[in-house]
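K.L.:
Okay, here's what each chain looks like letter by letter:
There are 2 protein chains.
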Amino acid sequence: MSLLSLADAVTKAEAVLIASKTAPEAARSVATALVKAQADGLGGHGLMRLASYAAQTRCGKIDGFATARFTQTAPGGAIIDACNGFAYPAIDLAITRLLDMTTHAGIAAIAITRSGHCGAMGLAVERLADAGLVGIMLANTPAAMAPWGGRRALFGTNPIACSFPRSGKPPVVIDLSLSRVARGHVLAAKQRNEPIPLGWALDKDGQPTNDATAALAGTMQPAGDAKGAALALMVEALAAGLTGSHFAAEASSFLDAEGPPSGTGQLLMALNPAAFGPGIAHIEPLFAAISADGNARLPGDRRLASRQLARSAGIEVNDAWFA
Amino acid sequence: MSLLSLADAVTKAEAVLIASKTAPEAARSVATALVKAQADGLGGHGLMRLASYAAQTRCGKIDGFATARFTQTAPGGAIIDACNGFAYPAIDLAITRLLDMTTHAGIAAIAITRSGHCGAMGLAVERLADAGLVGIMLANTPAAMAPWGGRRALFGTNPIACSFPRSGKPPVVIDLSLSRVARGHVLAAKQRNEPIPLGWALDKDGQPTNDATAALAGTMQPAGDAKGAALALMVEALAAGLTGSHFAAEASSFLDAEGPPSGTGQLLMALNPAAFGPGIAHIEPLFAAISADGNARLPGDRRLASRQLARSAGIEVNDAWFA
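Residue numbers (the numbering used here), protein chains in the order written: chain Z, 1 to 323; chain S, 1 to 323.
Just so you know, these hints were derived from the structure itself, not from any lab.
Some hints here could point you the wrong way.
A few chain Z residues facing chain S, derived, Cβ under 8 Å [stated by the list, open to error]: (1) 109; (2) 113; (3) 148; (4) 150; (5) 152; (6) 154; (7) 230; (8) 244; (9) 247; (10) 271; (11) 272; (12) 273; (13) 275; (14) 283; (15) 294.
Short, incomplete list of chain Z residues facing chain S, as computed with Cβ under 7 Å [unchecked claim]: (16) 162; (17) 223; (18) 237; (19) 296.
The model shown is predicted, which means the values in this text are computed figures rather than measured ones.
Here a beta-carbon is modelled for each residue, glycine too, at the ideal position from N, C-alpha and C.
The task is simple: from the sequences and hints, build the whole structure.
P.N.:
Below is the structure:
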C-alpha cells in the first residue's frame, strides 16, 4: 500500500488505461471517476476496478476508442449511444447537456445505451446538484435478482441515485442498489467457506439458502422483498427497456473480459427546481430535521467525511491495482 | 352489503359528496377515483374513504369548491395549486396537460401542491400509459416513518407508482408505499389486543416493538430498512420539498376532520418513449420473461382480474359507506 494525492492517482490510473487501448480523453474520464469513488470511500467502484477495465479494453469488450454520440430528440429528451465504450464519458456528456436542456425545458432526461458499468452514480447526480438541479439516475446491471416469487435473474441490482442542491452546503446524495446486500459479500463468504445469513440470497429454485455456493447459482434477495423486486422491475424497464439496452439477463459481466460488450443502459434526469415550486430553500427544513434527529444521518455524510480526508491526506492505494 | 354496477356506485358516491359541500365536477372526479380503486380490489383507497372525505368537506378541511390552478413554467414543467381541494381533480388536470406537454418536450413533470390524499396512484399513472407514455408518480403522506436510525416521523409512507404501456395489453403498473406494512395492520392488531410481529414498527425511542400501542406512538419500519428510508427521503424531498408542500411532519391526517388542510404534494412525470429509445416494443421481452417465470407475476395482474370481475358483476358495497 502507498499513499497518493488524488491528482497523482488520476495520472497513474490514466496511464494504465492509455497503455491498454484507451483514448486519452476516455482514460481521463474513467480515471477521474474511479479516484473520486475511492476518495469517497466507495472502494467497490474505485481503483480496484482498474485492472478489470484494462483487461476489457485490451480484448475489445469495452471499446476504449469509442466516442459517445448524442442525439437530441426533443427539448427535454435525448439519447446517447455510448457505442460500447466506457459509461463515464457518456455520463460526462449527459451531465453537460442536461445543464443546458433544463434551463429551457424545466426537466430533461437522457437515455444512455450500449453502455456498461457506471460506478458510483451518486457522483454523477451530485454534479447536477452542484449546478443547482435535482438529479436522478437509474441503471441496470447484469443479472442478479429474480422477480418476486420467480427463480430467474431478470433484474440487475439496479441502483437508484438522486441528489438535491443545498444553499452553502454540499448536495444531499442518495445512492443505493436494490439488492439487500451486495453479491460481493456472498463471494467473500464462499472464499472463507462460511455460511451466509438467511435473507441474503435464494437458490436456483427460488428458496432461501444459507449456502454461499447455492446462492451464487441462484439470485440475490431484493431489499424490501416484493417491494424491492417491483422497484427493480421499474429500474430495469426504464434504464434498459426504454433506452433500448441489454436487459440484465442478456448483459455480460462488468467484471471479466469474457463475452460481448455488456450493453446495459442508464437513464439520467434533471429538474430545474424553479420550474416546480418555491426552490431548494423549501427542502432545507427536511434535511435540517434529519440532522437534528439523534442517531439519524443524512445520506452522504460519511462519503463527505472520507472525501475531506482524501483531499487533505491523499488515498491509500494498493500498488497491484496499477500493475 | 349490496351489489352495485360501477356506474351506480359512482352516482351514489357523487351524491354523498355533493350533499357535503362539494362542487359537482369535483364530486365526479373523486367518486370515479374511489370506485375505480374499489373495482381494482384496492379497498383501502376505495369507497370506505367516502365518509371521511365528506366529513372533511363539511368542516372545510378539504375545500370541495376549490378549482385547481395550472401554471406552466417551462416546456416540460408546470405547477398545479390544488388550493386545498381534493387531489383527484388536480391529478386529472395534470394528466391532461402531461399528454400535451410530452408531445413536444419528450419528458414533462407537474408539481401538485396544497393537495391531499391521492388514493391509488397506480390508477393515475395507468392513464398516462394508456396514452402511450411512461408515467411516474410520487407523493408524500402524513408522518409515518423515521429516517434510518432516527426516532421522529419525518417521512410519510411515500408511495411510488410507475406505468409502462404495452402493445395490445393493459399497461404494467407498479404502485407501492415504502413502509414494510400499512399502519392499518397495526391498528387492527391493537383493536384485537394482539401483539404485532417484530419488524413492522419502532417505538417512540426508535426501538423495535411488538406492542401495537407502542408502535402507534412510534414509527413504521421502512421496507428494505435503511434503503427504504433513503427512498422515503427521496420521495419526501421530491413530492413535498420541490413542490413547496407540507412535509409529512407538518401534514394533518388524511383520515379525520381535525386540523388544517393536509397540504401534501405530488410529483407526476411522463416520458414519451420515442424520445428515449426504440419504443415500448423493446420493453416487452422483459414483461414476457416475468410472466413465464413460474410463480412470478407482473405487478397489477391481480388488480386487472378484480377489475374484470367488477365490470361484469359489479362491486359489493357496504351501505354504511354512503350513509
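K.L.:
Can you give the numbers of the hints that this structure goes against, from lowest to highest?
P.N.:
none
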